[in-house]
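Order-wise, the sequence lines are chains A and B.
FYI, the numbering for the first sequence is 0 to 160, going by numbering that gives the first Met the number 0.
FYI, the numbering for the second sequence is 0 to 436, going by numbering that gives the first Met the number 0.
By construction, these hints were calculated from the structure, which means they are not laboratory data.
These numbers were taken from a predicted model, which means no experiment stands behind them.
Careful: at least some of the hints might be erroneous.
From the derived model, a few chain A residues whose C-beta atoms are all more than 12 Å from chain B [unchecked claim]: (1) N1; (2) D23; (3) L57; (4) I93; (5) E100; (6) L127; (7) D150; (8) L156.
Covered stretches of chain B (chain A as the covering partner; in silico rule of three or more C-beta atoms under 8 Å from a C-beta of chain A) [to be verified]: (9) 180 to 192; (10) 236 to 247.
Calculated pairs, DSSO-like style, for lysine-lysine (alpha carbon to alpha carbon, straight line, at most 30 Å) [what the hints assert, rightly or not]: (11) B:K98 - B:K140; (12) B:K84 - B:K132; (13) A:K116 - B:K18; (14) B:K225 - A:K116; (15) B:K132 - B:K87; (16) B:K110 - B:K132.
Beta carbons: idealized from backbone N, C-alpha and C, even for Gly.
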Amino acid sequence: MNFNDWQEQQEITQFLHHEARLLDEHRWDEWQRLFTPDGLYWVPLVHGQTDHLNHASLFCEDALLRSMRARRLEQARAYSQQPPTRTVHVLGNISLESRSETGVVVRSTFLLLEWRKTEQRSFGGSVLHTLQREGRGFRIQMKRVDLINCDAAHEALQVFM
Amino acid sequence: MTTTTIDLQALVQPDRVHKRVYTDPAIFELEMDRVFGQAWLYVGHKSQVPNVGDYFTTRLGRESVVMVRHTDGEVNVLYNRCPHKGAKIVPDGSGSAGKFLRCLYHGWTFKCDGSLLSVPLRSGYEDTALDLKSPAYSVRKVARVASHRGFVFASLSEDGPELSEFLGGVATSLDNFCDRAPEGEVEVAGGVQRVIQRNNWKIFFENLHDTIHAVATHESSWRAAKEEYEAMPAGTPKPFEVVIVDGNGEPLEFWANLELKGYDHGHGFMEGIFVPPTDPVSLAYVASLEASQGAQRADEILRVNRHNTIVYPSCSPHTSFQQIRVIRPLSVDRTLVEIFSFRLKGAPEATFQRTLKYTNIVNSPSSNVMPDDLEAYNRVQEGLASDGGDWVSMHRAAGRDQPLPGGRASNGNSEMPARNMFRTWAAYMGVQAGGAE
Ligand code: FES
Ligand SMILES: [Fe+2]
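Using the sequences and the hints, build the whole thing.
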């Protein structure tokens, strides 16, 4: 499925760029407000995972868990955030998976560079955003991040991807 | 390697150990021979290989091994090495090999107990010194394999105590793990998470029963959880997610009151830190256990409320939330921890979903709790490399242990578990056990 018009493509692209920027700038509150109340942030543990309830995940966070993580990252004694994790997202290949009355499903690919303490890590993969139309904008019902190395052994993953 | 010049005896005292035991690569190599080469090591659970030909690969110390189900139903543990030219026969991971193991390189095939079935060009070996009937041309089995309630252990050494004697007092944790299932059995499910830690493996084991670190190290997460709960409308039942995170913020007196048990061979367990929850998911689970076991037996089972158990030196079961963390040393300062979740057979699906929630929130690479542990371990590892001092203290409440059949008990904030593990470590390493308190 293709974007209908330049306007639609532009709105969605800018929404995704804005979301990535909120994460890179640690603007957690604004980021959380992008979600619908029942919105889910999900990073599967295995390739092609279809179930987040009966299978472990890398992240599987509803509003409560997202908020708890954001609060933790801001604590003065979050020792593992001394210094804080820095990230930069590069998004690409933004394409429309499906469109309905109420919203759209958008797929994009990303490269995420992460720096803390002594080492730069890189993550990459694709993201599936299930977006609900709200007025002239969107809210996230589901953000699914599929890392190409989801099933690798990882060191701690502290910030949202 | 300068192993011959290490005076191990000088490094271990009853209540303190020298930093080199955590930082010296030569000592790490010796541990692979003497600790991991002797102890019973956790391999996996039988439910990971339910059918003939199913396999699961793992590492025992330095050795790549494969756990595989044979036609006779037995679970074998074989070195993953072809007797021909040495190729790893089975790829890393898990799957099914069919009815026999076939090496990718020249097609030698073996039964799932390792015995040689056929080789191509058999005639080429006639009148050569290579005797295909010799056990040297079977896939080698690890020296000893035994299981307890479906949990498979292996020892790379012919000698040593039987598994039951080795487990001693912590067998009760594995029993309770299974007894909590209405059908009395558990199975591995829901995928395995893997975390890389930048620390010596012993630092992780010592932390498992280091109760008093929680309030300090985990301040960021227990405060976040408490704040989260305070922001909810008054009277809201405390969500499971909050309970399992804010528990780390209990004051030191709370931890002092939790009894710690230490057993021979380095094992031990810590009393449960969570009051059994009374949310609908928990109540439905209790009802399912009562329906199959009767109220009295169910009560007996659930009364055994434990936090981490240590099965030294390879794994840590969490019996009340059904997971096992398997600890695999990679090098002197790198450790891999693999987290397996288990389903209680016969329990409602929601019980398993709660297990996975605990896995995700507390143990996964993206845990909200563990990064601060990892940071502490890493700072210990880095600090020990410095010239700022030579000794690591394990003095807390030394000399105050209470004797126990096959072990000792202490109050919850004693460093007894660390001393207990080092006593065992020293014995494996062939030196006078530090810890003659
Ligand atoms: S190495 Fe396995 S058949 Fe040759
Ligand atoms: Fe901890």
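Right, here's what the structure says about each hint:
| no. | hint | verdict |
| --- | --- | --- |
| 1 | N1 | holds, 35 Å |
| 2 | D23 | holds, 18 Å |
| 3 | L57 | violated, 5 Å |
| 4 | I93 | holds, 25 Å |
| 5 | E100 | holds, 32 Å |
| 6 | L127 | holds, 18 Å |
| 7 | D150 | violated, 8 Å |
| 8 | L156 | violated, 4 Å |
| 9 | 180 to 192 | holds (count 5) |
| 10 | 236 to 247 | holds (count 4) |
| 11 | B:K98 - B:K140 | holds, 18 Å |
| 12 | B:K84 - B:K132 | holds, 17 Å |
| 13 | A:K116 - B:K18 | holds, 24 Å |
| 14 | B:K225 - A:K116 | holds, 28 Å |
| 15 | B:K132 - B:K87 | holds, 21 Å |
| 16 | B:K110 - B:K132 | holds, 14 Å |
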